[in-house]
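Going down the list, the protein sequences come from chains A and B.
Counted from 1, the first sequence has number 190 at position 184 by this note's numbering; the numbering is strictly sequential.
Counted from 1, the second sequence has number 208 at position 202 by this note's numbering; the numbering is strictly sequential.
Among these hints, one or two may not hold up.
[As the list claims (entries may be wrong)] Covered, in the sense of this in silico footprint (three residues per stretch, anywhere, with C-beta under 8 Å from a C-beta of chain B), are these stretches of chain A:
no., segment
1, 142-149
2, 153-161
3, 195-206
4, 223-236
5, 282-295
6, 340-348
[As the list claims (entries may be wrong)] Chain B regions said to be covered by chain A (calculated; three or more residues, Cβ under 8 Å):
no., segment
7, 230-239
8, 244-250
9, 289-300
Quick caveat, the hints were computed from the structure, so don't treat them as lab data.
All residues carry an ideal CB built from backbone N, CA and C; glycine is no exception.
Protein chains: 2
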Amino acid sequence: MPKRVAILGSTGSIGTQALDVIARHPDRFTVAGLAAGKQIEKLREQAERFGVKVAASADEGPAGLLRVAVESKPDVLLAATDGFVAFDAVFAAVECGIDVAVANKELIVAAGDLLMAAAAKSGSRIVPVDSEHSAIFQCLVGESRDRVHSIVLTASGGPFWRKTKDEIQNAQVEAALTHPTWQMGVKNTVDSASMMNKGLEVIEASRLFGFPGERIGILVHPQSIAHGIVIFSDGNVKIQAAAPDMRLPIGYALAFPDRLSGTNGSDPLQAIGAHPQASALRFDFERPDPDRFPCVGLAYEALEQGGTMPAVLSAANEIAVHAFVEGKIGFGQIPIVIAEALSSAMVREVNLATLRQADAQARDDARAAVNAARRVKV
Amino acid sequence: MPKRVAILGSTGSIGTQALDVIARHPDRFTVAGLAAGKQIEKLREQAERFGVKVAASADEGPAGLLRVAVESKPDVLLAATDGFVAFDAVFAAVECGIDVAVANKELIVAAGDLLMAAAAKSGSRIVPVDSEHSAIFQCLVGESRDRVHSIVLTASGGPFWRKTKDEIQNAQVEAALTHPTWQMGVKNTVDSASMMNKGLEVIEASRLFGFPGERIGILVHPQSIAHGIVIFSDGNVKIQAAAPDMRLPIGYALAFPDRLSGTNGSDPLQAIGAHPQASALRFDFERPDPDRFPCVGLAYEALEQGGTMPAVLSAANEIAVHAFVEGKIGFGQIPIVIAEALSSAMVREVNLATLRQADAQARDDARAAVNAARRVKV
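Chain A on its own, in the form it takes in the complex (with noise of 0.2 Å):
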């Protein structure tokens, strides 16, 4: 029987990836909902193309992602929409016992242990789809917890990781937003300079794998190849690779704890992402560089102190990155402006109430620490 995938935020970047490996995959999968924002005309186009009975947008409120995630009766749930909107909606799947296939890193940042302890009373299985979370989770399969060390992500360093830090400082819109490896949206893109997206994939992490900051590492590894580490107790060490496509481990949330098949060709080399012509395929990993990116340094602290001070530095990151690209202030402010915004902040016990309030004056804070830094600019 083909898997019923339902998906929250089908017209997204991870939404239609999901389509695309559904659609090369139809005696694994068939569509059971689809729920998108603004996108009305592509959301149609998507429904018909997969023959889906419930489909819902924007308009139709929590009520429509709700009937998507749950009443369509899906087997795993894509959650790939941004942000706040799709907690409730993804929290009954979960406690329906449906499995969640897991992009909305909001979410994770913010809820996650909310969202791993309600997946534990239910049976839920969480997969992650980012794919440093792939990684890691495919690294653990069969493994004991007990039996780990430590994990580490990978990063690609971002297009500043060979700037000196005055560089990185004074560093133009257009820098920020070219990224060497992955073709990504601004705001990721900018994140990926800062490596605030590291710092925040470390938080996520945690979440996903109930390890604290100090057991979870970063090592640059600029050919994006290599997503994740786990370093076990007996000193062996798992590193799981894949060619720089979402779509391999959105494929593989979508099916576990079974594989797609669809790998082809016989050279050893090219199958672990050397390309066709090469002879050779290098490795580097280099330790990550906490004077030049302290938005990773941010990162952990908010981490360390718990509670809702994660929402707090994912909320004010996204309001400083805003102000970055609208050339209100320099790249060199990001990280004071979250700064701020944390320091403001009282660290509260995780619930949807102090979550948003948390997110509210987070953004509020960062506004004002952006206002701030534009008049010292003047």
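Following the hints, position chain B against chain A.
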């Protein structure tokens, strides 16, 4: 309860390193029995040190080995003798359902199919000790064999990896005995120089994991940190890495399905194999070169022919390597001698009798080829 370990070949390199692992983990292991060849005094010391009641030396013949392998009632038997001497004892242990950590290459190359069939029948778990096969074994944990596209063994490339074909063919004994990354005996070092070690490991991998030769690749990885790679059907890849220290795969095989503890420090770069002072770690992967290293191709041929041919390959290689070390033939004649023995041999179904015949005949044929080569030389 600590695991009871019996060791065949306790005074050899693998045996002594296994006892080192056991000594470091007295809460995890006790020694149930020890068997060794000629080093009686060392065996006596080991038996005394570990409070072993069942010990046997080569003088006692097959009965002594059987006593250690089976009658000492181990939870796991480490098969670490060379050659055919311990076949009967290891098979008896497997038939009794005793888990076997297997470091005896001849056993797997020549009789791996018989061994795996016997283990499947009794429920005995066969865990490889060789670092490359341990790597593949670890990457397969929790995964379905049906979803494996191919496996890849890494090779250091040996001392001749950067030499030309001419330089290799005319290599002197001293050059062949210098290995860049591993410390090992004369036979193994020459096998590393000819890359026959990798050819034999491909055959072992085929036996242990049930994949045909065309699904087992080799990549040269000069750093010797990544030991094996599994490429899955969905394009995802797992790489196992560990410091080049045989105690790691030995400890893994003895502790399986658990893992030992002991990894310290929190620097991820060091944990995956970098020197403490290094700021970066580099993995290179290159395609092997069948033209400069013809022994690899001979091994794939023997694997494809099947039956007793891998045993012929292994025996002829032993004679050829000894002839090279004794100065009777040049390095470039090693594959010629082996090819002679292979072409003289007939493919027979494997049992202990046909194996012994094939082994003896291959040695005779290889010796004849060595003498013919010497005549040519003169």
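*Looking back at the numbered hints, which does the structure fail to meet, lowest number first?*
3, 6
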